[in-house]
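Going line by line, the protein sequences match chains Y and A. The opening position of the first sequence corresponds to residue 1 in this note's numbering, with each subsequent residue numbered one higher. The opening position of the second sequence corresponds to residue 1001 in this note's numbering, with each subsequent residue numbered one higher.
Hints in this document: simulated from the structure, not taken from any laboratory.
Sample of chain Y residues at the chain A side, in silico, Cβ under 7 Å:
| no. | residue |
| --- | --- |
| 1 | N57 |
| 2 | F560 |
| 3 | V568 |
Pulled from the structure, derived: some chain Y residues nowhere near chain A, Cβ distances all over 12 Å:
| no. | residue |
| --- | --- |
| 4 | Q27 |
| 5 | E89 |
| 6 | S270 |
| 7 | V311 |
| 8 | C315 |
| 9 | L380 |
| 10 | G394 |
| 11 | L428 |
| 12 | I505 |
Computed footprint of chain A on chain Y, listed as stretches where at least three residues anywhere in the stretch have a Cβ under 8 Å from a Cβ of chain A:
| no. | region |
| --- | --- |
| 13 | 185 to 199 |
| 14 | 571 to 577 |
The structure presented is a predicted model; accordingly, all values stated were derived computationally and were not measured. Glycine included, each C-beta is placed from N, C-alpha and C at the ideal position.
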Amino acid sequence: MRRVLSFFLLCFLSFCIPTFAADYHEQLVLRPLPLSALLASFNFRSNTSLSAFEAHNYRFFPRSLGQILQHAGTRELHLRFSLGRWDAESWGARPWDGAKEGGTGVELWAWLEAETEEEADHKWLTLTNALSGLFCASLNFIDGTRTTRPVMSFRPEGNHPSSNSTNMHLLYGVLPREVVCTENLTPFLKLLPCKGKAGIATLLDGHKLFDASWQSMAIDVRPVCVPGEECVLEIEQTIDMVLDIDRSLRPRDNPIPRPPPGHELKCDTSKPYHSDDTCYPAVYGANQDWTLAQIFGRPMQGICPLADPTVPPVCLHVPDSRSVYSSAGVREIKNKDGLSRCFEVEPAADLDVVLPRVESEGEAAPTLAESIVRPETPSLYAERSFTGYGQERGGVQTILRNPSPDKEVEFVYMESLPWFMRIYLHTLQARVDGPSTDQESLIDEVYYRPALDRARGTQLELRMRVPPASTVFLTYDFEKSILRYTEYPPDANRGFDVAAAVITILDDGKGGTGSASVSSDKHTSSNLRTTTLLLSLPTPDFSMPYNVIIFTSTAIALAFGGMFNILVRRFVAADEGPEVSLKRLKRGIQTKLGSLFSKFGKASIKKNE
Amino acid sequence: MAETTTDSVLVTESVAKYDGAETARKQPPPEKPADVRRRSLVIVSFWLIVLCLGLPIWWQTTTIYRAKLPLDDMLDWAEGRACRPVFPLRISVEANDLQQQEAQNLLRLTQHALDDLNDFSGHHLRLQLSPPGRQNESAEIEDTSALTIRLLPGDSPASALHPYSSILDITYPPNSVPTQTSSSSALATYIAGQLRSTFAEEQAIISYLLSTTSFSNEQRPQGLTPEAAESLAKRTTRSLKYSPTYHLTFSLFTGGHQPSSWDIEAAVDEFMRPVLDVLTPIHNFTIDTQIQLYAAPSVQSQVLNKEDLSSFVNAAEWPLSPSIGGAPTVNFIAYIGNQTIGLPPTDQDASDGALATSQSWLVPQWGTVYLLPLPEDTTHVSVLTLKQPLLTFTSHLLSLLGTPQSGSLPLRLSTLSRIRSADLLLRASSTLGSLARLSLALPSISIPSSVADGVAKTMAHLRLACDTLGTPEALYHARVAEQEAERAFFEKSMVGQLYFPDEHKIAVYLPLLGPVGVPLVMGLLNELKAWRKRRREALEKGKAKKDT
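Put together the whole structure using the sequences plus the hints.
In structure tokens, the structure reads:
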């Protein structure tokens, strides 16, 4: 009876299962940027129902990661691997409003379910160690000194209906020194249902990805609950990279840049002095033709059959006026806004997209600026640098510029500094430089958790505002402490990396991002991060311990020997003491030798006899 | 050194006298006795400070803490002197159709026959008569006895092992029951022979386990042939290390993108869960399942030969990373592919033939791979398709856990628990021995007190396990002992021993001890010399006085 029942149940289940087919979705968005850069955003998203996750049945969700999350009691996880600098001045606003990027190095933040802080710390340790093994990164070096508990900066992105806020602990750790490389990409691709074997993931190649001007790999795991449906656990993997088209087009067999021969030089022919032997270089690589296969080193091989068929796999953001060619079996769909188009691919076909050169001759020739979609202006520019000199003190200056002519920007500025950088909070100062004459304080709220030597780092969170069309200089001073001999890294003279500052721009709740339904009245509208800093500390000579041993020993021996001799010896006149002179030494040696000779002589005489 | 400096300081006034000094040097004025005394005191006090303050401080700061370990007891355990592993198995006999007297007599004779047959003193079978009319409470009896024999009257002697419970049915012709006076009986011999063959495998395994360790010789059975030992060795190396919990990972690998779903949960519930439930007293299991597409094996050929089987699993590409949390993982892989296994039939012995079917093979201490050929366009794997793979996985799981191959399932499992407790006991003892030898071999290794605690706990539990061998508590105690022993052996602060070579020590000590030690020692020697001289003079003076 039981067998029959279960058989029916299974038949029923097998009918249900195909409905889950849309649980995986992937898309690549290409967006040419000024100065011949190309932003490629890869997005992979898969869902699993929470019940299947809790029963350890993994289909699209990677088992290796799922096990770690369950073992460490993680409710929401965000992991970032980043490299390079986003050039906001020329590239404009960041992709995904900065939500999917991290500071240089590795960043990890997670909401852990725990009753007490100690338990949360313990789970965090488990989590970092396990992730370190999974992603071949030094995440296990995120210890107490690199972990903070942000108060204002981060909000959960997922829905957590079952847990109240008291047993959810947010921990944030960052490793600015970590060099992101191919060994981190391989495990990242292994987490995808189609691996790197089909779909847009086939374009991902370590050589191209880590050659980019800026790249960020992100993994976000969060529970998502839609009212009336079962909650699902969503894993979103994102790779954003800004490729330099000129650099990417360099042929593979000739990767070393050499001066091009004269006839290949791109010259600005409009200059009056242009001739055969005079060349004014044309605007830096602005007008290149490229194909997808050239840029990424290979064409896209088919589509991932598991992916949601309603989502076109590749989209390109160029104005409709520009002509784009695609390979056979590919259908182009233009979006209504006139600024982007998407490509639908037949399952087995390879996809290649050709973006020809913009014709600059002719009557209605479009200008170069019109051939690309103009990037959005970011709501805030931020730059951070060190000031001061010497090995004892220093300062940090952050320049925050609000480009908007009429809108004030409110944000949370978070620094997590290493403990050996002791900041003087009283020197914290925000100074406006701009038309605004508003004299009220720019800093609304300060959350400061001072460092403990060798136990935890400084955490500084500021909620502040920048008035319209003005620049704010945020400065503070700090003292450099001297480390112990064993605390220096192997290449101590390189300096110490200081993690990027995280800037979370707050919104009044009007235009917050869709999925994040935060209970507080201020929504996170976008994120940005400054660059990391390189702090140089006084570095000792590492043969020091032996020098110290020898030096102190010599000093002690000198002092002791002198004192001991003065105490123990008897002082007499020179003629009263035992005779010490060359003559006496000579005589002593002579008598000794004489006795030896006489013995020898006697022996030889005896022999002769 | 000081002498020359005083000389050079005082040399100015004595320059003129140097010519005559060769013949008659001025003697320094005699020293005051107070000065001599003071000098002796100075030297003595320096030496006292060095010996009473310096040495203890140096000793205190550089000495390595070594907790006291009961080394002799530990070595006793390791060499099997502390425990004589004995497995007294109680076998209850139900003979409801026999008179009490007759039954007792039969029991006595059978026990005799058993003792005669047995050549291995560690493994005892003890017969006891269960009171008649208690069949209904047989569950209660099962707790204490390893096997129940039901004697039923019948036509000819025959025996049948109950497949789902530990009951051995023996039928006997009524006339073969021995009389009160007979000293031997065919029935008793028959029963003894049946019992012995039932427990033969367990005996062989336990005696093999004992023979591989350094447990004392007189317990070693002689009945183990080299071939039997070899097959047992094969089986032991194949089985996983004992752990209270195992993670079972079921993975569906396919080279393309289909199928991408399977009914594994239902299939496990139907085909594997019963066995797992039975194993619960010995092991806990957690189950997870995964599907991996576009997974290519390391071996591309269509027909897999023996070498290919060992390298089929693509460890670099397939995400089969061991689970976190300490418990070992058993991998069960269903690979969608139509490869076949081509093994020369002579290449296998009988036990291997049972394990390697034409579609699956067992990877020792790791898991199982099952090749599942499916039509090209299958998108979903149903429960019925998974039946054969899961039955294979189940039987392989039992063999990976080290379950004996013969006998009924309950009997095999109770045997498994006895084998495991013996195995753990031996393992914990040998770990203790290694720890003892390690602490003897490395005098500079530090032994924190937690290690001593662990050793004490291990020995206490080993003692308990040894006393209760053959019962379920033995497994628990042996498990605790093994855990504690491992923890003590792999104590972090002990493993991370700092290595200071002797040259290093010389480089640190010599710059200080050389310049300080030389004046101290020279001062002491001079003082001793002066003291001896003074004593001799005093003696001579005394003699002279006596003479005068």
